[in-house]
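Q: Whole structure, please, built from the sequences with the hints as guidance.
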Amino acid sequence: MTRYSAPLAGADPQAVATGILAVLREEPGTPAALGWASVCIRSGRCVPACPEDVNPMMMVRIARMVASGGLGGPQQIAVRADRDFFDRVRAFARLQLTEEEIRNWM
Amino acid sequence: MSERITFWYGCNVLRHGDIIHSCVDILRLLGFDVQPAGGPDYCCGSAKDANQTAADGMAHRTVARFNHLERGRVVAWCPSCHTHMTDFMRQAYPADFSLTYFVELLYEHREALAPLLKHPVPLRVLLHKHMGFNDRVEVNAKAPALLRLIPGVEVVADDYAAPGYMCAQLATVPAAMADMVQHTLRRVDAHRADALVTVFHQCYRELCGLEASGATQVFNYVQLLARSMGLAYPDEYKEWKKSGPNAAAAIGDARLAQVGVQFFERAMLPELIKRPAGLDPK
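Protein chains in written order, with our numbering: chain X, 3 to 108; chain Z, 35 to 316.
There may be inaccurate statements among the hints.
Simulated coverage check for chain X against chain Z, where a stretch passes if three residues somewhere in it have a Cβ under 8 Å from a Cβ of chain Z [as the list claims (entries may be wrong)]:
| # | region |
| --- | --- |
| 1 | 37-47 |
| 2 | 65-77 |
| 3 | 85-99 |
To list a few chain Z residues with every Cβ distance to chain X over 10 Å, as calculated [said to hold, decoys possible]:
| # | residue |
| --- | --- |
| 4 | E138 |
| 5 | E172 |
| 6 | K176 |
| 7 | E188 |
| 8 | G294 |
Restraint ranges, calculated between C-beta atoms of paired labels, are given here [as the list claims (entries may be wrong)]:
| # | chain 1 | residue 1 | chain 2 | residue 2 | range |
| --- | --- | --- | --- | --- | --- |
| 9 | X | R47 | Z | P154 | 33 to 43 Å |
| 10 | Z | L63 | X | N106 | 33 to 43 Å |
| 11 | X | Q77 | Z | E104 | 35 to 45 Å |
| 12 | Z | H143 | X | V81 | 38 to 48 Å |
By construction, these hints were calculated from the structure, which means they are not laboratory data.
Computed from a predicted structure; not experimentally measured.
Virtual Cβ for every residue (Gly too), placed ideally from N, Cα, C.
A: Structure (structure tokens):
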């Protein structure tokens with residue numbers, strides 16, 4: 003996915019990884035590190051490629067939580083706010099499940 | 035005695051009542067004592083990455099509820115729920131249950147499943163595969179093995195796996211989604227496939243827009259299993275998607291009133307109109 007992120011174009015991989023570690027320490031992330039966290043969609047190809055035998059996918063996943071403000075720190079990347087997420091799920095359920103199923107299955 | 039399992043279907047698959055009903059029927063026909071559980075009250079919390087206090091509360095509550103059900107095994111439908119349970123929820127809270135992915139369970143019981151697949155489904159299909167989750171559960175091999183049990187189904191051999199672990203994630207990077215859609219449609223054409231078949235409902239939700247646009251037929255694998263078993267639940271989501279701006283008429287006034295017209299128009303209709311990125315309008 004890195005080719006779909008402008009801040010990652012030409013970025014030094016070691017510097018990007020260092021930037022991710024900074025985000026994990028709840029420090030401000032570099033544009034490239036935040037770019038990686040923003041476009042990671044968990045293909046997992048980084049896991050066997052990592053020479054340090056860590057799980058970069060999990061590392062970036064947690065960095066994304068931190069950069070989203072998930073631990074209470076500043077929000078450093080765009081977050082898709084969907085205020086209707088759960089109400090939408092309930093609404094689709096009401097269209098297709100019986101009242102009894104909603105009562106017993108949800 | 036039947037094994038008592040919890041069928042954890044998740045949240046977003048509630049768009050696809052036919053898939054939930056079919057899964058429950060299939061599990062019961064295989065002899066399981068099934069308790070379905072899902073929706074917001076059984077959320078894994080993965081939708082709340084930007085609020086870990088909320089995500090933690092959801093994770094804690096859901097593990098506690100599953101423990102309270104006292105069923106030895108939770109069978110997850112959703113790859114996000116399965117992943118979140120494995121990586122976070124069970125790491126934080128003691129779980130008195132094992133976790134199995136739905137494809138795995140069917141594959142374990144494929145010898146019992148095969149005789150239930152009585153009706154031919156004459157389709158040459160391309161399986162829509164992804165990377166990522168396949169490293170946890172070998173769905174890219176096991177799902178086509180299940181499809182090949184259906185009389186009449188031919189799964190074409192193809193080595194392409196789309197990036198990301200499902201299309202809902204991929205759709206957050208629209209240029210990547212567009213590239214994947216175009217690449218996938220080229221492969222459908224090259225294989226002369228009748229249909230594209232998804233493993234995950236998140237992909238089905240995105241890609242059934244291809245059928246709505248006339249690009250190719252799209253199914254979820256469970257829908258084909260169900261058809262072969264004679265389970266006749268209508269795929270209403272696809273019909274609504276095909277209806278697009280006229281989906282309200284397909285749903286009908288009585289059901290629309292249950293969710294509220296204003297809410298439907300604001301929060302539900304946009305996704306029924308939406309078509310996958312990268313699709314040339316026809």
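Q: How does the coverage statement for the region 85-99 of chain X fare against chain Z, requiring three or more residues with Cβ below 8 Å from a Cβ of that chain?
A: holds (count 14)
Q: Just want to verify: K176(Z) was marked as not at the interface with chain X; is every Cβ pair farther apart than 10 Å?
A: holds, 18 Å
Q: Assuming the hint says 33 to 43 Å, is it satisfied by the Cβ distance from R47(X) to P154(Z) or not?
A: holds, 39 Å
Q: When you look at the beta carbon of E188(Z), is every beta carbon of chain X farther off than 10 Å?
A: holds, 28 Å
Q: Just want to verify: G294(Z) was marked as not at the interface with chain X; is every Cβ pair farther apart than 10 Å?
A: violated, 8 Å
Q: Decide, holds or violated, for the assertion that all CB atoms of chain X are farther than 10 Å from the CB of E138(Z).
A: holds, 18 Å
Q: Taking the closest pair, is the beta carbon of E172(Z) still more than 10 Å from chain X?
A: At roughly 13 Å from the nearest Cβ of chain X, E172(Z) sits farther out than 10 Å, so the non-interface label holds.
Q: Is the gap between the beta carbons of Q77(X) and E104(Z) within 35 to 45 Å?
A: Given a distance of about 41 Å, which is inside 35 to 45 Å, the answer is holds.
Q: So does H143(Z) sit 38 to 48 Å from V81(X), Cβ to Cβ?
A: holds, 41 Å
Q: Go check the region 37-47 of chain X versus chain Z for me, would you? Three or more residues, Cβ under 8 Å, otherwise it fails.
A: holds (count 6)
Q: How about the region 65-77 of chain X: do at least three of its residues have a C-beta closer than 8 Å to a C-beta of chain Z?
A: holds (count 8)
Q: In this structure, is the beta-carbon distance linking L63(Z) and N106(X) contained in 33 to 43 Å?
A: The hint (33 to 43 Å, Cβ to Cβ) is violated, given that L63(Z) and N106(X) are roughly 20 Å apart.
Going through the hint list in order, the structure does not satisfy hints 8 and 10.
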